[in-house]
Every structure is written in structure tokens, then in C-alpha cells.
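Undergrad: Next come the chains, spelled out residue by residue.
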Amino acid sequence: MAKKEKNGASRRELMTLGSAFGLMGLAAAGTGGALFKYMFPVVSYGTPRKFMVPVEDLPDVGDELIFDDMKVVLRRQTEKEVAAISLVCTHLGCTVNRVETGFQCPCHGSQYDSDGIVVGGPAPKTLPWLEIKNVPGGQIEIDTGTALPGNSFFAVV
Amino acid sequence: MNELIEMAKGFGTKIYYSIFRHRFDNTGLTKSKIMFSNVLLHIQPVKIHKRSVKFKTTMGLGLITFYLLLILTATGIMLMFHYVPSTAIGPDGLPDAYSRMLNLRSNVFWGGFLRNMHRWAAHGMEAFVALHMLRVYLSGAHRGGREFNWVIGCILGLLTVFLSYTGYLLPWDQLAFWGVKVGTEIAKIAPGGALIRGILLGDADVGSEALIRFYVLHVAVLPAVMGFLVAVHFFRIRKDGGLAKPADTSKEKQIPDEEFGTVKNASVFKSARSYQLVEIVKGKEPKVNEEVDQMMFAWPKLIVRELIVLLGVVAFLSLISVLFDAPLEGPADPNHPTNPSKAPWYFLGLQELVSYHGFIGGIVIPGILAAGVMVLPYIEMFVETISKTYRKNIPGVWFAKERNLENALFIGMYLFMLTLIIIGVYFRGMNWDIVYPWASISGGGH
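Which chain is which? The protein sequence lines are A and B, in order. Just so we're aligned, residue 1 is where the first sequence starts under this note's numbering, counting upward by one. Just so we're aligned, residue 1 is where the second sequence starts under this note's numbering, counting upward by one.
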């Protein structure tokens, strides 16, 4: 009899403790989740991904134009063909410099040739070539969020 | 007249005792009361082992680290009065945060000095955290029941690094911007890192949101966590019986008793440690494992020594802050990193590793090192358990013979990191090419 009572008491204790800690745990998990969402970015204030260039501002044939703010180099191969290469190092996101042999990163010494192919340093991937679209009003739109394989030239109208 | 003087004296005595509650004489009772009736002093025991005050025992490294933390807190609060975490372009064409740096340096009285002191103390703290950890390991003070305090110490070390990292974004100069840019790109490679990066930056890229978040982390969140863990760190040292010491210290050469002066004490508790509860143990001897004759009063010898160290730290730091200005590069330019773009010295080992391979150098090796060092005492424990080796009398002994292998490996790890840092600081130039240290380098590295 006494033993049974003792068991009952410990079971009751366990239930009380269990529900107390369970409720506390639930509250903590809920708060944690909510705070996680609270901290998560809602809006991006950074530079936009896409930008436009008027056709008449394109570089001469065989020449290049660097867009500092967008970290993009625009290259014109022929009268009708242009390509855009990202200047963001594929290693850790520094901006690469245009040098005679291609591109070089000042942060960790990655080296690329002029087509963005890795020739040295820690960079794991080729510099991304970007998608170009013709948009009305004699402009082209370059999307810095894309990553195409090398030599992706686009026709301008 | 005499009566009046007597009354005044009596009144003065009453005021004195209402504040201090003890006399200032040379009795053991007073020396005890001084320690445990003062909120700042009672963190320390009334009686300590004599070897605790010897230079060889700790070299004061942990204490210096703690003092640097106090100085950083004080100077940091002062800097907050003049700082705005904003990237908005002000009338001078510069981001607010950056022009506040220029303001501190040129307009605010003592502004430059306080900023120098804050920056140099931060660099010093990094160095002394590393030295303190080395001391603890080489003297075996992480064992003998103190294993978990080692883990807390490692977390404190990581917090120190993270505080420096969040702190150096705040000036919003080139070093700040590209340091954080590269650091968070490393986070992106780690599994689940993109999520952490989003939480840290509050945006897709380093920008105004990141500055506010790093500011809050730097001035509120991390110091609070750090303060709490420092308290736990100290508390556990007390509860573990003071500084680590071998089981038998009777053979060690100690400071002779004469140096501590005579203590007038007619009490029967002459040799008792007044703070410790007496445990009920089996046996007939009242003395259990405490070498009572090796104990000394903490007041005044220990306290005076600690104050001397504090004076030394403040004096040295003031001198450095007067002589050398804290670096400030050009305002942050999100489009062009400086060439070369170097992190502060304590990150250059990591930057050197990253320059070989992003994932292995940035995540795998530092991760294994940090996690491995943190659980090191438990690894030792595990090996000892399965190989059934029982080593005794090791805590508190410098370069114990039984630990030669461990010590060699640990020193090896330090040398490895040091070599990487030296290469990063002195042998990397433009485009991260190998150069000789005497070639002039501009951009970062401080």
C-alpha cells in the first residue's frame, strides 16, 4: 500500500515537472522561432541586381567598359555581339582588378585570364558571364544575378 | 571643548564603521574582514595558497586579459557618446560612421587617445587570451576537475575574436568593409552559413543594416554574454579551490613567511580557511588535503600585486596610445578593395589559410582547430580512460614530463598559427603575392 502511494506521488511529480518543463520548452521554442523570423532580413537595401545600358553607350568593337557600381565589365566582340562578365571574385567576393593578363583579386591572390577562367590562386570557379536582354527603348539589360558559362555573347539589336 | 572633540570622534567612528565595518590593523580577523566585507574583493578568497602569488604560477596573463576587458569596456562606453552607426552620407560627403571617426581624431578632446586606447587594448586582449591559454595548457591547469572551465575559457576566447570582428566594422573604413565582406563570404561556404550570414547582415550584402546589427552585437549582446561567462569562469576557479596546484606542494620553494609580516592572531582558527565549509570525511586527521601552513592572507599581498599589474597595464597602454595612432583607412568603398586587402593581424593566419582554399582553409581547418582545442581536456581524459593510464600530480606543473607529447603538439599548433600570421603580415604584398617584408605595403594588416 505504502509503496503504491509512493509510486503515485512520484508519477504525479513527474507529470507536474514534465508539463512545467514541457510548457517552458514550448514557450522557449516559440519565442526562439519568432525572434529568428524577427531577425531575418525582409527588404534588401543593397544595389539592384539588374541594370540597363543604352545601346549608344556601348564600348567600341574590341573594347571594354567597366561598371564600377555594378561590378561588371561589358565587352563588345563585334558590332552585334556583347558580353558581360562579373567582377566579383568567385573565392570570397572581393572585386577583381582588370590587369593585362586578365583579372586579379587583391584579397587572396586569385588570378583569371581575360575570359574569366581561373589560372591561379584559390578561386574555385570561372568568373560568371551574365545574361543580357534587349529591352525596348534602345537599351540592354544586364542581370548580375545570373551565372552563364564562358563566351556567352548576346546579340544587340 | 574636549567633550566636543570626543563627540566628533565618536560620530566619525560611527560613520567609518557604517561604511567599512572593520578596523585596519594587522590581525587575521581584520585581514579576513577586509576581503569578505568588500563586494569587489570578496570575489577572491580570504586565504590563498602561497604559490598563487608567485610570478611563475600564472605570469598574471589571465589577470591582464581581464584588465584589458575592463579598459575596453570603459573606453568603449566613452566612444559610444560620439559614435553613430549610420552609413548615411553626411554634408561632408562621407558616411556618418566614418566622419565620426575623423571627428574623434581631430575635434573631440581626448577622442583620438580614447580610440587609440580602445583599439590597442583590443589587439592586446587577443594576444593575451592566446598567451593565457598557452600558459594554462603548458602548466596542466586545465585538468584535475577544471576541464569544463577550459571549455568556458575557449568560448570566452571565441567571443573575444567575435567582439574584435564586430568592432572593426564600426569605423566603416576600407579595412572594416572588406574584412566583414570576406568574413561573411567565408560564412556563406559553411553548411547553413547562408542563413547565419542573412541574420548577421540583415541584408543580401554588407551595408547599412549590417552596420547596425554589428553595432548592437558589439556594444550590448556580446559584452553581456562575455560578462556573464567571465563571472562563471572566475566562480569556477574559486569552487575548484583556487589556482591549479599539484597535490603535494610541500617540497616546492615558497616565499618565506617573514615577507608577509607577522599576523597577530590569538584565535584557535589561526590556520583555517574561513570561506570553505568543512566537509565530513572519514578518518581521524582534521587536516584533509589542505596544506594549511602553505596558505597566506590575500590582503594585502595579493591585492597589492594585482593593483601593480593594473597600473602597469594602464601605463603601458597609455604610452602606446600616445605614441601610435589607431589605423583608419579611407571611407568604405563597396566597389574597390584596397590592394592588398589585409585583415588585422589576428585574422591574417586565417586569411593566409583562406588564400589556399576557401572551404578547407576557411571552414574545415579553423573549425577542427577551434572544436578540437575546446574539447581537448576531454580528449585527454578519453585516451587516459581507454589506455588505463592514471597520471597524478599534474595540474599546476609546468612542462610535466608525463605530458611532453601533448605539450609539444600544443606548442606546434601555436607555432603553425604564428607562422601563418607572420607570412600574412610581412610576406604578402600586392595581389597577395609573396614579397619581402622590407618591400613597402599599403592597405590593411593592422
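Source of the hints: derived by calculation from the structure; they are not laboratory data. A hint or two may mislead.
[Claimed, not checked] Pair ranges (Cβ atoms, derived):
(1) B:T13 to A:S19: 54 to 62 Å
(2) A:P124 to B:I196: 14 to 22 Å
(3) B:A204 to A:D113: 25 to 33 Å
(4) A:D143 to B:F316: 50 to 58 Å
(5) A:P124 to B:P91: 28 to 36 Å
(6) A:V157 to B:K188: 34 to 42 Å
(7) B:K56 to A:P124: 44 to 52 Å
(8) A:Q139 to B:K188: 42 to 50 Å
[What the hints assert, rightly or not] The following residues of chain A were derived to be distant from chain B, with all beta-carbon distances above 12 Å:
(9) M15
(10) S19
(11) F67
(12) E81
(13) V96
(14) N134
(15) P149
Being a predicted model, the structure only gives us computed values, none of them experimental. Every residue gets a Cβ at the ideal spot worked out from N, C-alpha and C, and that includes glycine.
Undergrad: Now look at each hint and say whether the structure bears it out.
TA: These are the hints, each one checked on the structure:
Between T13 of chain B and S19 of chain A the C-beta distance comes to about 58 Å, which sits within the given range of 54 to 62 Å. Between P124 of chain A and I196 of chain B the beta carbons are some 21 Å apart, a value that agrees with the proposed interval 14 to 22 Å. The hint said 25 to 33 Å for the Cβ distance between A204 of chain B and D113 of chain A, and at roughly 29 Å that hint holds. A beta carbon spacing of about 55 Å between D143 of chain A and F316 of chain B agrees with the range 50 to 58 Å that was offered as a hint.
Hint check: P124 of chain A to P91 of chain B, Cβ distance near 44 Å, so the stated range 28 to 36 Å is violated. Against the hinted window of 34 to 42 Å, the Cβ-Cβ separation of V157 of chain A and K188 of chain B comes to about 37 Å, which satisfies the hint. Between K56 of chain B and P124 of chain A the Cβ separation comes to about 49 Å, which falls inside the hinted range of 44 to 52 Å. For Q139 of chain A and K188 of chain B, the hinted distance range of 42 to 50 Å is not satisfied, since their beta carbons lie about 32 Å from each other.
Annotated as non-interface, M15 of chain A keeps its C-beta farther than 12 Å from every C-beta of chain B; the closest such distance is 32 Å. Here S19 of chain A stays apart from chain B, with its beta-carbon at least about 29 Å from theirs, past the 12 Å limit. Consistency note on F67 of chain A: stated as away from chain B, yet its beta-carbon is not over 12 Å from all of that chain's, at 9 Å minimum. Residue placement check: E81 of chain A keeps its beta carbon more than 12 Å from all beta carbons of chain B (closest about 27 Å).
Chain B draws V96 of chain A into its interface by the beta-carbon criterion, the shortest separation being 9 Å against a cut-off of 12 Å. Distance check for N134 of chain A against chain B: the nearest CB is about 27 Å away, which clears 12 Å, and the non-interface claim stands. Every C-beta of chain B lies more than 12 Å from that of P149 of chain A, the closest at about 21 Å, which supports listing it as non-interface.
Violated hints, listed in ascending order, are 5, 8, 11 and 13; each of the other numbered hints is respected by the structure.
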